Amino acid sequence: RKEVEQDPGPFNVPEGATVAFNCTYSNSASQSFFWYRQDCRKEPKLLMSVYSSGNEDGRFTAQLNRASQYISLLIRDSKLSDSATYLCVVNYSSYKLIFGSGTRLLVRP
Amino acid sequence: GAVVSQHPSWVICKSGTSVKIECRSLDFQATTMFWYRQFPKQSLMLMATSNEGSKATYEQGVEKDKFLINHASLTLSTLTVTSAHPEDSSFYICSAISMGQGPYEQYFGPGTRLTVT
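Top to bottom, those sequences are chains Y and P. Residue 109, in this note's numbering, is where the first sequence stops; the numbers in between run on with no holes. Residue 226, in this note's numbering, is where the second sequence stops; the numbers in between run on with no holes.
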């Protein structure tokens, strides 16, 4: 079983739509959780950290459910520029980051 | 924000040759650098962690004699792929952190695309 699992997609949505991605992780000792964004052939960039209480950054909302070992990302009012691959990332020891394989989002006009 | 550079951004080499990739932190001192590899449509996989002045720590399944890592200064780490084969073709990305930073504060380089023919 993969340590971090994501639906690869692609999710194909119109501009203005709301879209949600889910992620599950296998190690219950995981301590920190993040969503990264990766554009084609580019390095990943931190989108936001995920906290147990849930957190919001503009159009992006992240949720964490430790009991279910589940993380989510909600994007409201999708923009064309949101088209990218979204990586769920977990940390449970030192500085080691475990990346999911990503969920691809395509926002169409 | 902090900047990490990689050189070259892409390289094509023949099977059996060695390739060196550089990772530099441009405006901060990187006490720890990480090397990742990403195959198409797959996760970034951590290959090794290097601390300045000490030997790198390799992840399980990564051959340390094939992927030589040197972190000789606080701003430079190098990854040398020795005797490269076509299966080594991948996207290699480094990241760096400075002392006291948390794990999410890894600054990623732009990556190096290696193609072995």
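Heads up, some of the hints might be wrong.
Stated by the list, open to error - Straight-line alpha carbon distances no greater than 25 Å define the calculated DSS-like cross-link-like pairs of lysine-lysine that follow: (1) 129/P x 175/P; (2) 129/P x 96/Y; (3) 175/P x 45/Y.
Simulated from the structure, these hints should not be mistaken for laboratory data. Note that the coordinates shown come from a computational prediction; the quantities given were computed from them, not determined experimentally.
Within a Cα-Cα threshold of 25 Å, do residue 129/P and residue 175/P meet the stated pairing?
Judged against 25 Å, a Cα distance of about 12 Å means the pair holds.
Given the hint that residue 175/P pairs with residue 45/Y, test it: the Cα-Cα distance must not exceed 25 Å.
Roughly 28 Å separates the two Cα atoms, so the pair is violated.
Is the hinted pair residue 129/P and residue 96/Y satisfied, with a Cα-Cα distance of at most 25 Å?
Holds - the C-alpha atoms of residue 96/Y and residue 129/P are around 24 Å apart, at most 25 Å.
Hint check: a violation occurs at hint 3 only; the rest are consistent with the structure.
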